[in-house]
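**Q** These are the residues of each chain, in order.
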Amino acid sequence: MNGVHDMGGMHGMGPIQYEKNEPVFPEAWEARVFALNRAVRAWGKWTGDASRHAVELIPAPDYLRMSYYEQRLHALIELMVKHGLVTPAEVESGQPVPDSHKATPALAASDVPGMIAKGRPATREVQVPARFRVGQQVRARNLHPTGHTRLPRYVRGKPGTIYLDHGVHVFPDSSAHALGENPQHLYSVRFAAQDLWGDQASARTAVYLDLWDDYLEHA
Amino acid sequence: MRTDNHDHSHQAVPSDVALRVKALESLLVEKGLVDPAALDALIDSYEHKIGPRNGARVVARAWVDPAYQKRLLTDATAAIGELGYTGGQGEHMIVVANGPKLHNLVVCTLCSCYPWPVLGLPPVWYKSAPYRSRAVIDPRGVLREFGLELPEDVEIRVWDSTAEVRYLVLPERPAGSEKLREEELAALVTRDAMVGVAKVELAPTGG
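Line by line, the protein sequences are chains A and B.
Following my numbering from start to finish, the first sequence increments by one per residue and tops out at 219.
Following my numbering from start to finish, the second sequence increments by one per residue and tops out at 426.
What the hints contain is simulated information worked out from the structure, not anything from laboratory work.
A hint or two may mislead.
[What the hints assert, rightly or not] Heads up, simulated DSS-like pairs for lysine-lysine below, C-alpha to C-alpha not over 30 Å straight-line:
no., chain 1, residue 1, chain 2, residue 2
1, B, Lys268, A, Lys118
2, B, Lys241, A, Lys20
3, A, Lys118, B, Lys250
4, B, Lys398, B, Lys289
5, B, Lys320, B, Lys346
Bound-form chain A, shown alone (with noise of 0.2 Å):
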């Protein structure tokens, strides 16, 4: 979706603000939303894409007011909801409703470590033909989805050039959308600044992406 997420090449957003020393959570509410997040994905029940997809789904001007982890917040709760682990009524009381059953929770303090080790690798070992070789011309596709897609605007139609292949890897835009992995290949592609941004751009700066089979069109 074109969403303000998608802000690659967007001034007026204002100077950074680095902060030294930052605590890895500034607020402790901000540590509980990130374990939250974590601990209710055990349940499986959407994918990683999915959370990302809950986000942007966060009208623009609230994006653009709200911290991270509100962010976070507001899709936890929108996707709990969605997939029935919750009811409106119960986030809005905070109690349950009467009478609910009683889970087991998917995570348990012992199963933390094992899960961080492990991760959930992206790639599918599976045989799926390579559209692009390394070094060949490519441009990506001028495509404007109104789902999640990890193709970004400010690259859409410009022409750029296979720099690895990182091998076949589940497929964003339907994974967001529970349609499926769709793997395929996954490429860094390099895009010269002067290609992305005119002539006013440095010769010697370049911006690589990584960028899927689906994405990208001959030169």
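Assemble the complex: chain A is given as a structure, and chain B must be docked to it using the hints.
**A** Using the frame of chain A, we list chain B on its own:
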């Protein structure tokens, strides 16, 4: 670049959002959806175990061990795994090396992708609109905002983390550090240098 404390004033009274989070957590515990001890363990891991000291050890090893550096630049996931750093948000790692005429900078324009096993969770500025919007269109200006002025003949590569592949910058080893041991070198390496917004200095400054 502003370094004043923005919006992090610690209130005596819990904020509205803090109360909402507390209510949500108690609801989820009551429903058996989350275990509060698991939440504590997650927070403890990222506050105390997984952070930029991990990445600093990777960088220092690469500086003192050319064979390790070669493995790191060809199969970063495995080479980082050799030091015990694996897993969530670092399943597929790429390490890019800075040199006298090449500087690498990492960003995630679409959200906040960052190599957790080696750097921990990203700082607020990395996740915020000013850095995400400008790193790709004006990397030199962004670096200047961090106090890093690069000569015009230095090539800049910006890595926009659009997939599950995560990037770590291998900074240049600082001149004058030839006699330092690996642990002393690791102590010099900052988070900012491994994101590519700073160089490693003999007397480190900043994050």
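**Q** Compare the structure with each hint and give your call.
**A** Hint-by-hint comparison with the structure:
1. With a C-alpha separation of about 16 Å, the suggested pairing of lysine 268/B with lysine 118/A holds against the 30 Å cut-off.
2. A C-alpha spacing of about 28 Å is found between lysine 241/B and lysine 20/A, which places the hinted pair at or below 30 Å, so the restraint holds.
3. For the proposed pair lysine 118/A and lysine 250/B, the alpha carbon gap of about 27 Å is at most 30 Å, so the pair holds.
4. Distance check on the hinted pair: lysine 398/B and lysine 289/B sit about 22 Å apart at the alpha-carbon level, within 30 Å; holds.
5. At most 30 Å may separate the alpha-carbon atoms for a hinted pair to count; lysine 320/B and lysine 346/B meet this at roughly 28 Å.
No hint from the list above goes unmet by this structure.
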